[in-house]
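Colleague: Chains as they are written, first to last, in our numbering: chain L, 1 to 307; chain E, 1 to 354.
None of these hints come from the bench; they were simulated from the model.
Hints may contain errors.
Residues from chain L that face chain E, not an exhaustive set, calculated with beta carbons under 10 Å [stated by the list, open to error]:
1) ILE199
2) LEU205
3) THR209
4) ARG211
Remember, it's a predicted structure, so these values are computed and weren't measured experimentally.
Don't be surprised by glycine CBs; every beta carbon is placed ideally from N, CA and C.
Take a look at the letters that make up each chain.
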Amino acid sequence: MSATTAGDAPVAKAPRVETPFRRFVSEFFESKIATGALVVFSVIVLVAIFAPLISPQNPYDLAQLDIMDGRLEPGSRNGADTMTYWLGTDDQGRDMLSGIMYGLRISLIVGAGSAIAAALVGASLGMLAAYAGGRTDTVIMRLVDLQLSFPTILSALMILAFLGKGIMNVVLALIVVEWAYYARTVRGTALVERRREYIEAAQCLALPTRRIIFRHLLPNCMPPLIVVGTIQIARAIALEATLSFLGLGVPITEPSLGLLIANGYEYMLSGKYWISFYPGIALLVTIVSINLVGDHLRDVLNPRLKK
Amino acid sequence: MSATVEAPVAFARGADAEKLIEVVGVSRRFAKRLDFAGKIAAKLGAPLRDEVVHAVDKVDLTIRRGEVVGLVGESGCGKSTLGRMVAGIMPPSDGAILWKGQDRTGLHGKEARAAMLQAQMIFQDPMSSLNPRLKVAEIIGEAPLFHGLTTRAGFSAYVDEQMRRAGLDPAFKARYPHQFSGGQRQRIGIARALAVQPEFLVCDESVAALDVSIQAQVLNLFMRLRQELNLTYLFISHDLGVVEHLSDRVVIMYLGRVVEEAPTETVFARANHPYTQSLLSAVPKIEARKKAFATVKGEIPSPLNPPAGCHFHPRCPHAFDRCRVEIPALQEVAPGHRSRCHLNDLPNHGGQPV
Ligand SMILES: Nc1ncnc2c1ncn2[C@@H]1O[C@H](COP(=O)(O)OP(=O)(O)OP(=O)(O)O)[C@@H](O)[C@H]1O
Ligand code: SF4
Ligand SMILES: [Mg+2]
Chain L
1 MSATTAGDAP VAKAPRVETP FRRFVSEFFE SKIATGALVV FSVIVLVAIF APLISPQNPY
61 DLAQLDIMDG RLEPGSRNGA DTMTYWLGTD DQGRDMLSGI MYGLRISLIV GAGSAIAAAL
121 VGASLGMLAA YAGGRTDTVI MRLVDLQLSF PTILSALMIL AFLGKGIMNV VLALIVVEWA
181 YYARTVRGTA LVERRREYIE AAQCLALPTR RIIFRHLLPN CMPPLIVVGT IQIARAIALE
241 ATLSFLGLGV PITEPSLGLL IANGYEYMLS GKYWISFYPG IALLVTIVSI NLVGDHLRDV
301 LNPRLKK
Chain E
1 MSATVEAPVA FARGADAEKL IEVVGVSRRF AKRLDFAGKI AAKLGAPLRD EVVHAVDKVD
61 LTIRRGEVVG LVGESGCGKS TLGRMVAGIM PPSDGAILWK GQDRTGLHGK EARAAMLQAQ
121 MIFQDPMSSL NPRLKVAEII GEAPLFHGLT TRAGFSAYVD EQMRRAGLDP AFKARYPHQF
181 SGGQRQRIGI ARALAVQPEF LVCDESVAAL DVSIQAQVLN LFMRLRQELN LTYLFISHDL
241 GVVEHLSDRV VIMYLGRVVE EAPTETVFAR ANHPYTQSLL SAVPKIEARK KAFATVKGEI
301 PSPLNPPAGC HFHPRCPHAF DRCRVEIPAL QEVAPGHRSR CHLNDLPNHG GQPV
């Protein structure tokens with residue numbers, strides 16, 4: 001034995017404890033574009049959260065709106081000369097800047113809320129399909145196929161036509177149309193991961209199935225789920241905007257970005273571009289920044305794409 | 001490599017030792033069922049059927065306490081499937097696997113778990129066999145803590161001991177698998193298995209993914225642990241050369257069936273089965289192990305559609321008519337030496353093919 005003890009000794013290699021999380025964070029911030037997008041998105045989130053504190057006006061309080069101030073150009077003073085409409089007003093005299101801040105709130109709540117709920121539903125069903133297999137798998141995946149074969153906007157419109165308007169109903173419709181993406185992603189990953197030997201090792205160590213799924217399988221299925229989740233938040237926000245634009249989304253008294261755009265649409269050609277334009281820019285910047293973060297997350301979290 | 005691997009030390013084992021594992025007529029089939037469209041097509045007359053792979057076909061095998069049994073065969077012959085069944089993580093389709101004379105499938109709860117822990121596996125890929133999201137201490141210590149082999153208070157010391165025994169520095173226990181080399185990762189896998197105090201290890205190609213120099217170190221570790229802990233091994237490899245230096249007994253598989261079984265020296269000195277002989281002629285001494293199987297003539301037939309009679313007949317230089325229709329039986333050609341070949345029934349054969 002003595003002849004080989006030297007070879008048996010472990011060789012010191014890595015200089016410090018590098019957790020997978022730390023490695024992920026440092027890799028994420030290597031990209032300037034993604035870092036910038038994350039900063040922009042964080043600002044948007046902060047603005048949305050603190051909208052009631054920082055917005056010049058409460059755009060949902062009809063008592064604060066003055067119809068006489070309707071369709072004022074950006075930079076105009078209000079009738080009472082107490083404030084400036086930096087981004088103009090819409091046809092009801094609503095300050096566009098305040099409207100956008102509150103609209104972002106609705107968009108983000110709807111987007112994130114539906115994405116998280118859809119992720120919970122979809123991921124559980126996907127995990128169940130992968131682990132149970134057989135008939136359960138077939139039934140779940142047929143449902144997924146069915147859901148994905150319908151145009152998203154069409155299913156959402158049908159659901160809203162049935163349920164009626166309202167933020168909760170929009171969230172519900174979005175969950176129904178989006179869960180399938182999560183289910184498909186999680187099932188695919190889980191099928192690959194569960195064939196890995198660390199799962200067999202855990203079975204051999206007589207750990208209970210529940211523990212194997214939640215402590216070993218699920219954490220290793222998270223990266224694609226996070227990527228899909230990010231992209232789906234952006235999709236949900238766009239979808240909510242579309243539904244509101246079509247008049248099936250949020251109520252008219254509490255306009256989201258999509259409804260603000262719709263309200264200004266008829267004035268576009270008469271030169272009053274700002275009513276649609278600025279909410280449109282806000283929507284665009286939000287969606288693009290989320291997508292940029294999501295794309296980069298995919299690159300960082302997917303080991304196969306790494307050089 | 002062979003120069004530095006220590007020869008197995010003689011133990012109180014062999015015919016008199018306790019039977020640890022008995023594999024009795026075990027088969028494992030994998031069915032690839034037709035999907036809905038396929039079923040309709042089949043109804044309409046398309047030549048489609050449910051496809052069945054006989055990964056393991058009526059295997060009998062006894063492993064006694066203290067033995068190291070080498071299981072050798074080409075890719076896809078069912079070695080891993082047999083190993084998984086022996087380790088208890090895959091149920092057989094047919095037959096029984098007895099652990100100390102008892103069938104583990106009848107056990108429940110605590111007893112079933114205790115029985116599971118007695119047999120552990122060491123895997124081929126040292127990276128994918130470790131959960132990348134857990135620290136080494138968690139990887140090694142999770143199961144013993146869960147099963148009450150250690151306590152929260154004693155956890156750290158327990159993990160340290162397991163790491164030291166596998167030749168790892170306990171100072172590294174807060175690290176993650178990706179921060180180790182291949183050989184070290186394999187040691188983590190070994191420490192994890194030993195942490196639940198098993199009596200029996202199934203090593204499935206456990207050194208195949210490692211550099212040749214590291215292979216020798218890990219093989220030496222296996223042999224040292226065998227002495228220290230009186231372990232029994234089923235050592236799976238596609239490489240007769242690796243098995244030669246470790247095993248007391250060698251079992252050769254071909255397309256799901258055991259074709260020859262004998263003490264290691266006998267296999268290397270007087271192989272009976274033509275397949276074993278061609279494997280042996282393909283084993284180069286020491287170097288160029290990678291080519292080991294390139295010289296067994298002919299393609300491996302598809303396990304979905306194995307040849308009738310003796311599975312080996314399309315590649316066998318001695319094949320004759322009977323081989324194409326009748327499955328040869330696994331019969332004793334000398335004490336402790338069994339082979340599955342019709343040549344042994346020919347008169348004046350003397351155990352060697354003509
Ligand atoms: N879970 C499974 N589902 C379907 N078929 C399987 C499964 N596991 C193994 N098989 C099939 O069973 C046969 C034997 O596979 P097995 O992995 O046991 O072979 P092996 O001897 O370990 O090969 P290798 O040297 O490549 O590891 C192969 O044809 C394989 O395709
Ligand atoms: S039974 Fe026939 S084909 Fe099979 S190994 Fe023996 S001689 Fe060759
Ligand atoms: Mg294998």
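Colleague: Now tell me, hint by hint, if it's right for this structure.
Modeller: Now for the hints, and whether the structure bears them out:
1. With a cut of 10 Å, the hint placing L/ILE199 at the interface with chain E holds, because the nearest CB-to-CB distance is about 9 Å.
2. Given the 10 Å rule on beta carbons, the hint for L/LEU205 holds: about 4 Å separates it from the nearest Cβ of chain E.
3. A distance limit of 10 Å between C-beta atoms decides the matter here; for L/THR209 the minimum to chain E is near 12 Å, and the interface restraint is violated.
4. The interface hint given for L/ARG211 holds, since its Cβ lies 8 Å from the closest Cβ of chain E, which is under the 10 Å cut-off.
The structure fails to meet hint 3 from the earlier list, while all remaining hints are met.
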